Structures are given as structure tokens and as C-alpha cells.
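Listed here are the chains, written in short residue letters.
2 protein chains.
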Amino acid sequence: MNSMVTSNPLPRAAATLDWPRGFRAAVGAAAIKKQGRDDLALLTMPSGATAAAIFTRNLFAAAPIEVSRRHLKDSRGHASALLLNSGCANAATGPLGVANAVESIDAVARALGCASESVLVNSTGVIGVQLPMDRILPELPRLCARIERASDGDSLEPFARAIMTTDTKPKMSSRTISCSDGRTVRVSGVAKGAGMIRPDMATMISVLATDAEVDARTLDRVLRHAADASYHRISVDGDTSTNDSVFAFASCVAGACDETLLAAAFREVACDLAKMIVCDGEGFERSLAVRVSGAAIKADALKVAETVASSLLVRTAITGGDPNWGRIIAAAGRAGVTFRANDLELRVGGNLIFRDGQPVEADKNAVRAAFNGSHVEIAISLGATDGSVGEANSDTFLSCGLTTEYVRLNADYTT
Amino acid sequence: MNSMVTSNPLPRAAATLDWPRGFRAAVGAAAIKKQGRDDLALLTMPSGATAAAIFTRNLFAAAPIEVSRRHLKDSRGHASALLLNSGCANAATGPLGVANAVESIDAVARALGCASESVLVNSTGVIGVQLPMDRILPELPRLCARIERASDGDSLEPFARAIMTTDTKPKMSSRTISCSDGRTVRVSGVAKGAGMIRPDMATMISVLATDAEVDARTLDRVLRHAADASYHRISVDGDTSTNDSVFAFASCVAGACDETLLAAAFREVACDLAKMIVCDGEGFERSLAVRVSGAAIKADALKVAETVASSLLVRTAITGGDPNWGRIIAAAGRAGVTFRANDLELRVGGNLIFRDGQPVEADKNAVRAAFNGSHVEIAISLGATDGSVGEANSDTFLSCGLTTEYVRLNADYTT
Numbered sequence: 000m001n002s003m004v005t006s007n008p009l010p011r012a013a014a015t016l017d018w019p020r021g022f023r024a025a026v027g028a029a030a031i032k033k034q035g036r037d038d039l040a041l042l043t044m045p046s047g048a049t050a051a052a053i054f055t056r057n058l059f060a061a062a063p064i065e066v067s068r069r070h071l072k073d074s075r076g077h078a079s080a081l082l083l084n085s086g087c088a089n090a091a092t093g094p095l096g097v098a099n100a101v102e103s104i105d106a107v108a109r110a111l112g113c114a115s116e117s118v119l120v121n122s123t124g125v126i127g128v129q130l131p132m133d134r135i136l137p138e139l140p141r142l143c144a145r146i147e148r149a150s151d152g153d154s155l156e157p158f159a160r161a162i163m164t165t166d167t168k169p170k171m172s173s174r175t176i177s178c179s180d181g182r183t184v185r186v187s188g189v190a191k192g193a194g195m196i197r198p199d200m201a202t203m204i205s206v207l208a209t210d211a212e213v214d215a216r217t218l219d220r221v222l223r224h225a226a227d228a229s230y231h232r233i234s235v236d237g238d239t240s241t242n243d244s245v246f247a248f249a250s251c252v253a254g255a256c257d258e259t260l261l262a263a264a265f266r267e268v269a270c271d272l273a274k275m276i277v278c279d280g281e282g283f284e285r286s287l288a289v290r291v292s293g294a295a296i297k298a299d300a301l302k303v304a305e306t307v308a309s310s311l312l313v314r315t316a317i318t319g320g321d322p323n324w325g326r327i328i329a330a331a332g333r334a335g336v337t338f339r340a341n342d343l344e345l346r347v348g349g350n351l352i353f354r355d356g357q358p359v360e361a362d363k364n365a366v367r368a369a370f371n372g373s374h375v376e377i378a379i380s381l382g383a384t385d386g387s388v389g390e391a392n393s394d395t396f397l398s399c400g401l402t403t404e405y406v407r408l409n410a411d412y413t414t
Numbered sequence: 000m001n002s003m004v005t006s007n008p009l010p011r012a013a014a015t016l017d018w019p020r021g022f023r024a025a026v027g028a029a030a031i032k033k034q035g036r037d038d039l040a041l042l043t044m045p046s047g048a049t050a051a052a053i054f055t056r057n058l059f060a061a062a063p064i065e066v067s068r069r070h071l072k073d074s075r076g077h078a079s080a081l082l083l084n085s086g087c088a089n090a091a092t093g094p095l096g097v098a099n100a101v102e103s104i105d106a107v108a109r110a111l112g113c114a115s116e117s118v119l120v121n122s123t124g125v126i127g128v129q130l131p132m133d134r135i136l137p138e139l140p141r142l143c144a145r146i147e148r149a150s151d152g153d154s155l156e157p158f159a160r161a162i163m164t165t166d167t168k169p170k171m172s173s174r175t176i177s178c179s180d181g182r183t184v185r186v187s188g189v190a191k192g193a194g195m196i197r198p199d200m201a202t203m204i205s206v207l208a209t210d211a212e213v214d215a216r217t218l219d220r221v222l223r224h225a226a227d228a229s230y231h232r233i234s235v236d237g238d239t240s241t242n243d244s245v246f247a248f249a250s251c252v253a254g255a256c257d258e259t260l261l262a263a264a265f266r267e268v269a270c271d272l273a274k275m276i277v278c279d280g281e282g283f284e285r286s287l288a289v290r291v292s293g294a295a296i297k298a299d300a301l302k303v304a305e306t307v308a309s310s311l312l313v314r315t316a317i318t319g320g321d322p323n324w325g326r327i328i329a330a331a332g333r334a335g336v337t338f339r340a341n342d343l344e345l346r347v348g349g350n351l352i353f354r355d356g357q358p359v360e361a362d363k364n365a366v367r368a369a370f371n372g373s374h375v376e377i378a379i380s381l382g383a384t385d386g387s388v389g390e391a392n393s394d395t396f397l398s399c400g401l402t403t404e405y406v407r408l409n410a411d412y413t414t
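Each protein sequence line maps, in turn, to chains A and B. Per numbering that gives the first Met the number 0, the first sequence runs over residues 0 to 414. Per numbering that gives the first Met the number 0, the second sequence runs over residues 0 to 414.
Think of the hints as simulated: they come from the structure by calculation, not from any bench. Be aware that a few hints might be false.
The list treats identical chains as one, so a pair stands whether inside a single copy or across any two.
Said to hold, decoys possible - Derived pair list, reagent style DSS-like, types lysine-lysine, alpha-carbon separation capped at 30 Å: (1) K363 <-> K32; (2) K363 <-> K274; (3) K72 <-> K363; (4) K363 <-> K33; (5) K274 <-> K168.
Fair warning: this is a prediction, and the values are worked out from it, not measured in the lab.
Assemble the whole structure, with the sequences as input and the hints as a guide.
Written out as C-alpha cells, the structure reads:
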């Protein structure tokens with residue numbers, strides 16, 4: 000971690016996880032999927048705020064993604080508000096789905112007195128069902144009225160809760176940057192997502208916000224850098240969704256900030272949220288990090304790390320706490336990356352297990368303990384470097400054990 | 000099915016599933032993993048028999064694969080015997096593993112009186128453990144003596160059983176070809192494999208045998224054609240193993256046979272065996288076929304079919320009998336193939352479910368029934384063709400629902 004970035008490690012008291020200056024948030028309940036829970040979330044920012052986003056590359060991108068992509072382009076990276084809902088993805092909903100997304104945006108723009116193209120929108124939930132506009136539209140003016148009563152520095156939690164679907168916990172993180180002139184700048188973020196998680200985004204929605212003054216182009220760069228190190232390095236089940244997105248907003252009210260520091264803070268917040276997503280993966284029992292070093296190029300390291308971390312046989316072995324390292328090297332060997340099999344070294348929890356094409360006599364109790372912790376660390380060296388392990392030849396991928404509970408949840412999730 | 004190929008559909012009475020003329024088989028018990036079950040299998044063929052094989056492309060190919068690959072090359076596609084064992088994969092076993100494979104081969108060659116390089120070998124079971132040579136070596140002369148007492152036309156079943164690991168059933172198939180001059184020629188096959196199954200072979204071992212007269216080059220071509228239509232179109236868990244292989248042998252004792260007919264028979268036997276592997280997949284409850292048509296090129300059709308068939312969310316929905324078609328189109332949309340989302344048509348069990356970017360009013364009971372059968376047929380048209388659905392734009396991929404039992408089995412499979 001960069002020493003200039005003061006960490007706000009996830010506190011017990013959620014009250015300290017709040018929105019940066021200039022942001023106001025409100026939530027509402029429109030009974031989109033079920034009665035009595037917040038399923039609408041609105042975030043507003045002052046005029047002049049900048050915006051950037053990464054959207055799913057799925058060909059069946061949802062209606063709100065289509066509309067938000069257009070608005071972000073038309074506004075040249077500026078935004079006044081973001082409207083999210085859970086309970087319905089508004090995906091695979093045809094022209095009516097697009098019309099509903101536009102109608103929601105127009106209602107919010109009217110109530111807030113801003114231009115429609117400065118409002119972004121996204122939805123998460125079941126695919127192929129239309130939004131219940133009869134319940135959503137009456138709620139939107141009330142939601143916007145609540146924004147007027149909100150203040151800077153409100154807790155992230157209500158917003159983080161309102162966008163949850165199968166998540167069991169709200170996901171929030173925050174960092175403070177101390178600028179050289181004594182000012183502080185804040186980066187906060189929320190996320191949702193528990194299934195359908197893999198690189199290129201997933202049923203994941205994340206919102207990152209800063210009060211630093213950042214132009215739209217820089218914000219986009221900082222966001223992509225952060226997503227690369229976080230959301231693109233996790234997998235729960237290899238599936239991506241129609242609604243995946245990460246939004247970044249800068250209210251610009253707290254003055255400028257060194258880009259390197261800002262990027263580090265964005266990256267840390269995004270990595271926190273990505274880890275929380277993995278550890279809240281459906282049926283989660285145990286997390287798994289696969290670190291690959293000594294590859295010929297970084298892309299090879301990523302490919303091996305992702306293949307091992309995504310292997311069903313590795314993931315079930317992790318669930319079983321079973322030191323079945325043969326599955327780990329078999330997965331590495333089919334990753335489609337060329338390396339000398341005899342050069343591979345495998346360590347689990349720091350214990351050397353495999354070298355020179357065969358298992359190493361290891362302390363069986365230590366190995367078993369390494370496979371049975373709440374977090375399993377797999378380190379694979381492909382031997383292409385001379386010991387000076389550089390970032391250029393390394394990458395890490397996060398996943399979790401595959402459990403019977405994951406299967407049960409997803410076999411029972413009724414459309 | 001080619002009308003010239005008379006099908007021997009899987010009979011109830013396994014006695015009719017036998018080896019073609021010229022082949023002799025024997026099994027033995029060496030207590031490799033556990034006492035009292037057959038775990039050695041030997042197949043011999045007459046001098047002049049030809050051989051071909053497809054081996055795993057995993058970088059950690061097992062010791063016996065390494066040795067067999069060399070022998071097949073040295074013998075220029077000829078073979079006298081194949082020795083298989085279950086209970087131990089002899090993979091990731093270093094130089095000692097190779098020495099053990101060679102020592103087993105030498106013992107068989109000595110007992111049979113043939114050249115060592117005409118003997119092929121493979122193993123299946125746990126990775127990273129050495130073969131118990133003290134128990135295997137004494138058993139090999141007995142195994143070879145048993146071959147002397149075997150006869151042409153013996154049942155495939157003892158051999159098919161001896162190579163089983165987590166399989167619950169022996170896998171056998173046979174076809175008879177009627178040649179134009181009244182002669183008949185036979186193609187028979189056995190296979191094992193239940194987990195670690197996906198394209199490029201898996202923990203799968205298959206042996207295909209014919210009594211037709213076929214030169215080594217033709218046999219290799221016929222084998223690759225058959226594997227392409229079968230073993231390379233199935234997936235149980237996306238993992239491949241260190242020991243995957245398909246062997247083909249021709250005893251050449253029944254005279255020549257038209258290559259097209261022979262290829263059709265090999266393909267049918269291989270497809271039978273591939274389907275049996277999927278339907279004996281660990282924790283199997285329900286099979287799944289994904290047929291994609293109307294792609295720009297065949298490779299695109301395969302990519303979409305494999306992505307949908309391998310999606311954990313689709314596979315858990317299949318297990319739940321849940322008509323969650325949104326997961327199917329979401330998987331198609333992330334396959335990395337470019338098509339117009341609005342052109343996609345989705346049918347399940349013949350019921351049109353999705354068209355023009357949105358769901359179609361379908362008979363809910365019929366759809367639910369289609370998702371709840373013992374076999375689920377998913378048909379996706381990408382719309383690139385004009386209705387004349389050609390093989391050039393289509394492909395099919397087989398898989399099965401992902402079950403809690405699969406996870407339980409693989410979490411508990413102790414090294």
C-alpha cells in the first residue's frame with residue numbers, strides 16, 4: 000500500500016463509511032420484487048461533477064446499460080444523478096425495457112431539475128421481466144424529495160443495502176488521501192454481487208465516488224486502472240451478466256489531488272469491494288487466491304491464475320479442505336500457456352509441495368492446515384524468471400470454494 | 000446414421016458387446032488402490048495390427064502418456080498390446096514414474112514375446128502417487144498367461160470394468176458394418192471417465208478396436224474424425240487431466256472396409272461412449288444438449304454451444320428444472336462471438352422462448368416440462384443463415400446439470 004494513502008480499514012462501526020463531500024444519497028421502496036424492502040437507490044452530485052463507467056461486454060446488455068452508455072457519451076463524462084434498482088434487471092426486455100429506463104430517468108430529471116442525459120441508470124435482478132412502472136413511477140418524486148433532506152457525509156450503508164440481491168451483506172469501503180497542502184480528499188465505494196461474477200464484470204454493480212477535482216478523462220483512466228486490479232481479477236462462477244457495471248463519479252468540490260494517490264485509493268477501495276464480493280459469493284465457505292509468478296509475460300500469469308482459480312476440481316477440493324494438489328497442477332497444465340512442466344513450483348500457504356515434476360516431502364500437518372484455513376493461498380512459480388519476481392511476470396486471481404450450497408441456491412433461484 | 004451401418008443399439012444383455020476378431024483381453028487385480036477389484040486390463044492384437052492415439056495436451060502429461068507417445072512413434076503406428084491400470088494415474092511422478100511405466104511394459108513384452116515399443120500403456124486414478132510396483136510386477140505374468148486362454152469375441156465388460164475409477168457403470172458400445180461383398184466388419188469400444196471431462200480429453204481413457212484392415216494413417220484419420228464428433232463435444236466440469244487418451248487399434252484380420260463406413264461406425268461408437276460418460280458424470284441427474292445454428296462459421300457455433308453448456312448458472316438451473324432462460328442468453332452473449340442480439344432465437348425442447356430481444360409468450364407448462372425431463376434440449380439460432388440450417392454453421396455440445404452431489408463427491412475425494 001502506498002504510504003501516502005491513509006487506510007480506513009473496514010471498521011465495525013459502519014457510521015464511518017460515508018459518501019465524500021458533494022454527494023447525496025437516498026433510498027426508497029417500490030415493491031419491485033417484494034414488499035417492504037428498499038429497492039431504489041438515488042445518488043446525486045453537484046453541477047460540474049464528472050463521471051466514468053465500465054459496462055458489461057455481454058451482447059445482451061440490459062436496457063439501462065444501453066441508455067446509460069448513450070447518456071455518458073452525450074454528456075461527455077458529466078452526470079447529475081445515478082438511479083439504481085434491485086429486484087428486476089430490465090434485461091432482455093426489448094423496446095419496452097428501453098422506454099421504461101428512459102421514463103424513469105425523465106421522472107428523476109424532472110424532479111431534480113436537471114437534464115435527462117445527465118442521469119444514469121442501472122438495474123439488477125431477474126432477467127426477462129419488465130420493470131413494474133406502476134409502482135416505481137409514484138415512488139421516484141418521493142425519492143428525489145428525500146435527496147433534498149440528505150446531507151454530505153451520510154452513511155454508505157442504506158444505498159449499499161438497497162442494491163443487494165442475493166448478497167448477504169452490504170459492501171462498502173472508503174479511503175482518505177492527505178494532500179501535500181494539508182487538504183484531505185475522499186474515495187468511497189459500494190458494490191453488490193454474489194453470483195454471476197467473473198472478469199468483464201458480472202451481476203455486479205459498483206459505484207465509486209470521490210470529492211477530488213478530476214476531469215472526466217482522468218477519472219475514466221483511474222477507474223479502468225482500479226477495475227483491472229480488482230473486479231477483473233475475481234470469479235465466483237465464471238458467468239457474467241447483462242447488467243454489470245462500475246460507475247465512478249467525482250464531485251470536484253474538494254480540490255485537485257495527485258493522480259497517483261487518487262489511483263491508489265480507487266484501486267484499494269475497488270480491491271476491498273472485490274474481495275467482499277468473493278467472500279459473499281453464493282454458498283461461500285472459504286476464499287482462494289492464486290498467485291502466479293515467473294511467467295514469460297503478465298498475460299500468461301493471469302491466464303494460469305484464472306484457470307486454476309476457476310477450476311471446478313480445484314474449487315471443490317478447496318471446499319473439502321483436501322490437499323489435492325494434483326488438480327492444481329493439472330489445471331495449470333491446461334491453461335493454454337506454454338511453460339516447462341519441470342520448472343513449475345507449487346506452494347500452498349507457503350509450503351513447498353511440488354517441484355521438478357514431482358511432489359516434495361512436505362509437513363503433512365502444515366499442508367493440511369493451509370488447505371483448511373478460511374483463506375487458501377496458492378502460489379505457482381513458472382520459473383521463467385531468475386528469482387527477481389517482478390510484477391511484469393506475475394498476476395493474482397481471487398475465487399472461492401465451490402460448495403453444495405452454491406448449487407442449491409442456484410438450482411432453486413426461480414425465475 | 001448412415002444406412003449402410005447396421006446399428007447394434009446398446010443391448011440389455013451385455014454378452015453381445017464383444018471385442019472384434021483378433022483381439023484378446025484379460026484383467027487382473029493388483030490391489031493398486033484397494034483390495035479385491037480388477038485394476039489391470041490387458042488387450043492384445045495380432046502381428047500386423049495398426050494403432051493410433053490421441054493424448055492429452057496437458058503440460059503435465061503423465062509418465063505412461065510420455066512413454067506411449069514415444070512407442071507409437073517408434074513403431075510407426077503398430078502395436079501388439081495395451082496395458083491399462085486404474086487406482087493410480089502415475090502422473091506428476093518424475094523420473095521414477097517413467098521408469099515404472101517402462102518396467103511394466105518390459106514385463107508385458109517379455110511375457111508376450113513381443114517388442115517393448117509395440118506395447119502401449121496408460122494409467123488412471125490419483126495424481127502424484129507412484130505405482131505400487133511390488134504388487135503390479137508379480138501380477139503381470141499371470142495377466143499375460145490369462146490372455147493365452149482368452150478368445151476372439153470375448154465380452155468387453157471385464158475390461159471396461161477394470162478401468163473404472165469413479166464411474167458407476169462400465170461403458171461399452173459396438174457396431175457391425177456389412178460390406179458390399181457380404182463380409183461383416185466390427186467396431187467396438189470401451190471408455191472410462193466421470194469427472195475431469197472436457198474437450199481435449201479428460202480423465203478419460205477410451206479404447207476403440209476394429210477387425211477391419213486399416214493402415215495406420217487411415218486409422219489415425221478415422222480416430223480424429225470420431226473424437227472430434229464425440230469426446231471433444233462433451234464437458235462434465237471443464238477440467239482435463241494428465242492422463243486423457245483415446246486409443247484405436249485395427250487387428251486387420253477381417254479384410255478391407257470402405258473408409259466412409261468405417262468412419263461412421265467409429266463415430267457412432269465414440270458418440271455412444273461420450274454420451275455414457277456425460278450421463279455417468281459425477282452426481283449426474285439430467286443431461287443437456289446445446290445445439291447452435293446460424294453462426295457465421297462453425298467455430299463460432301461451437302464456442303457459443305460450449306459456453307452455454309459449461310455455464311455454471313445454466314447447469315444449476317438445469318438441475319433445478321428451472322426455466323431460467325435469461326442465464327442461457329446471458330451465457331451466449333459472453334461467449335466472445337459476435338452476433339446481433341436481436342437475431343437470436345432460443346428454443347428449449349422445441350418451445351420458442353426468446354426472439355427479437357425479448358421473451359415470447361410460450362406455453363408455461365410445456366416450457367417447464369422441457370426443463371424437467373431427463374434430457375434438456377437447448378436450441379439457439381444466431382440468425383446468420385437464411386433458414387437453410389447447414390452443418391457448416393452449426394454445432395452441438397453435451398453436458399449435464401451441476402448437482403450438489405458432484406460438489407460433495409469432489410470435495411470428499413481424498414488424495
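Identical-chain pair category, K363 with K32, by Cα at 30 Å
The answer is between: 20 Å across copies meets 30 Å, while 50 Å in one copy does not.
Can you give me the call for K274 and K168, within, between, both or neither, at a CA distance of at most 30 Å?
Within. Shortest intra-copy distance 13 Å satisfies the 30 Å Cα cut-off; inter-copy 42 Å does not.
Status of K274 relative to K363 across identical chains (alpha carbons, at most 30 Å)
within (29 Å within a copy, 39 Å between copies)
Tell me, please, which holds for K363 and K33 at an alpha-carbon limit of 30 Å: within, between, both or neither?
Cα proximity of K363 and K33: across copies only (22 Å, versus 50 Å in one copy).
Have a look at K72 and K363 and pick one of within, between, both or neither, based on CA distance no larger than 30 Å.
neither (57 Å within a copy, 40 Å between copies)
Comparing the model with each numbered hint stated earlier shows that hint 3 is the single one that does not hold.
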